[in-house]
Amino acid sequence: MRDRMIFAAQLLFTMLVAAFLVVPAGLSMTAGITVNYFRGIQSGLTLQWVVQVWELYASTILLSFVIAFGTLAVTLLAGVPAAYALYIRGGRLSRGVEEIITLPVAIPGLALALGLLLTYGGFGDFRRSWLFILVGHVIFTMPFMVRSVMAVFANVDVKTLDEGAASLGASPWRRFRDVIVPNASPGILAGSLMVVTLSLGEFNLTWMLHTPLTKTLPIGLADSYASMRLEVASAYTLIFFIMIIPLLVAMQWFGGRGGVR
Amino acid sequence: MSHRSFVWLCLLPLSISTAAFFLLPMAKLLITGSEGPKGFSEYLSIVVEPRYRMTLINTVVLAAATTVTTLVVATITGMFLQRHRFPGRSLLIAILTFPLAFPGVVVGFMIILLAGRQGLIGEVTSRLSGDKLVFAYSIHGLFLGYLYFSIPRVILTIMAAAQKLDPGLEEAARSLGAGPWAVQRDVVLPALMPAFVAAGAIAFATAMGAFGTAFTLATNIDVLPMLIYTEFTLAGNLATSAALSIGLGVITWMILALARSFSGNAVAAAG
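Protein chains in written order, with my numbering: chain A, 7 to 267; chain B, 2 to 272.
Just chain A, same shape as in the assembly:
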């Protein structure tokens, strides 16, 4: 009897916590397709807000994808070889480098953005282009790619594989292409999902780095929260949910823990 009571109390508590998380998300999804949120769902359903968001903010959604995939390309090209080098080399220097590239995770985005603005704010063309935002996203997401690839290396004993291929006479580049990268693919996939998800949702850095012509989706969201009616803001959030949920599902599906914890 007492155990049943404890179980019921814990279940109730867990359901309350789940409600706290899911109720506002549900409210936002319904508000985005309701004619008038104040009058409630009986005022009817509509897609007019979604259409309005698309007309006002389509460019932010597009730019977010451009930046996310650009960030992914850079983190793949620079991060995967670096993860290999850091893992193979080992030692104090490698740990030091890993420590330094992980710092942007611990340092608030505001500080990173201020540093970038103070250093490169004077280079007008660079400052005004979306590449400026891309640079910030690359610095912020790089550790997730590097660490998730390195985690896989530690599991599959890449050192032995690499030495085996070397003893058969394969050149370093061929070994990297034909042995290292295929073996690292689970980590590369997990890291990639993490990088794209983080980049699509990044706000702290982006708010400081953006210009009126380089607005990303989260910037647009903040803008709509501040200045649009609740239904429009909700419809915009709904579009963001629809974009981000497949990524989340994929992350769970591949068991990608992308070094987040």
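Some hints could be false.
[Stated by the list, open to error] Derived SDA-like pairs: lysine to any residue, alpha-carbon spacing no greater than 25 Å straight-line: (1) B:K29 with A:L109; (2) B:K29 with A:G127; (3) B:K165 with B:R84; (4) B:K165 with B:S262; (5) B:K39 with A:L123.
[Claimed, not checked] Covered by chain A, according to a simulated footprint, are these stretches of chain B (three or more residues, beta-carbon under 8 Å): (6) 27-33; (7) 250-258.
[What the hints assert, rightly or not] Per label pair, the in silico range of CB-to-CB distance: (8) A:L53 with B:W9: 52 to 58 Å; (9) B:A95 with A:V57: 29 to 35 Å; (10) B:P88 with A:T166: 44 to 50 Å; (11) B:E50 with A:G130: 33 to 39 Å; (12) A:V29 with B:L45: 41 to 47 Å; (13) A:P188 with B:K165: 55 to 61 Å; (14) B:P195 with A:S177: 39 to 45 Å; (15) B:A236 with A:S191: 47 to 53 Å; (16) A:I47 with B:A236: 26 to 32 Å.
If you're looking for bench data, these hints aren't it; they were derived computationally from the structure. Glycine is no exception: its CB is placed at the ideal position from the N, C-alpha and C atoms.
Here the structure of chain A is known, so what remains is to put chain B in place on it, guided by the hints.
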């Protein structure tokens, strides 16, 4: 090409981008912080200047409250979900982890929908008592937002740690006559300590440095990230904002580094 030079070549792109777009900007930030009228003592102003010190205390209290509440809530739910199998369990886990990828701005909007002017809590309280309870646009709303943000992360950590617990230890304690509370207090909670430290540090650092949620709720909430932002954009006070953000960065980095040295690996995604 020798293997050695290939390895160096592999490190080159990352080294260049890190040096140019992280180390150099951080160095510039450090220098700028000391270039104000007060020189290097600008760095002390975060603790010496009463207004900044008050903001720092506010931020630390908020982050500590977030951490403690999140740990309590996430431990109860995480242990419960890990220990029991019942219909609907995986749905509950999915719901509890689904907000993981929400950026701070979206979390802010969730809090507005809950506790804002057109929010659910206001609606319910005005029907019940006639008084409309609205607290989204204050430090209480921010507290709720950080809970929303941290609970999913911490639940995942606690569940992973609880899975690794040896049930034999609990059985041994019970067979030696320990009651259910004593088992929890003396066996389970100490074994979860490393997870508490790792997850707590991430929650604390995020609540110290996150900006999006506060920005969405109100720009006059008195926390450190908002102070840095207003000093930079509204007052144009480069030296102060640089010194304050260095201070904030050092605090969050130290908390994460301390936690890591205590409990092994933990990388946080600050939002």
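So, going through the hints one by one against the coordinates:
no.: 1; hint: B:K29 with A:L109; verdict: 16 Å, holds
no.: 2; hint: B:K29 with A:G127; verdict: 12 Å, holds
no.: 3; hint: B:K165 with B:R84; verdict: 12 Å, holds
no.: 4; hint: B:K165 with B:S262; verdict: 20 Å, holds
no.: 5; hint: B:K39 with A:L123; verdict: 22 Å, holds
no.: 6; hint: 27-33; verdict: holds (count 4)
no.: 7; hint: 250-258; verdict: holds (count 5)
no.: 8; hint: A:L53 with B:W9: 52 to 58 Å; verdict: 56 Å, holds
no.: 9; hint: B:A95 with A:V57: 29 to 35 Å; verdict: 30 Å, holds
no.: 10; hint: B:P88 with A:T166: 44 to 50 Å; verdict: 46 Å, holds
no.: 11; hint: B:E50 with A:G130: 33 to 39 Å; verdict: 35 Å, holds
no.: 12; hint: A:V29 with B:L45: 41 to 47 Å; verdict: 45 Å, holds
no.: 13; hint: A:P188 with B:K165: 55 to 61 Å; verdict: 31 Å, violated
no.: 14; hint: B:P195 with A:S177: 39 to 45 Å; verdict: 44 Å, holds
no.: 15; hint: B:A236 with A:S191: 47 to 53 Å; verdict: 50 Å, holds
no.: 16; hint: A:I47 with B:A236: 26 to 32 Å; verdict: 45 Å, violated
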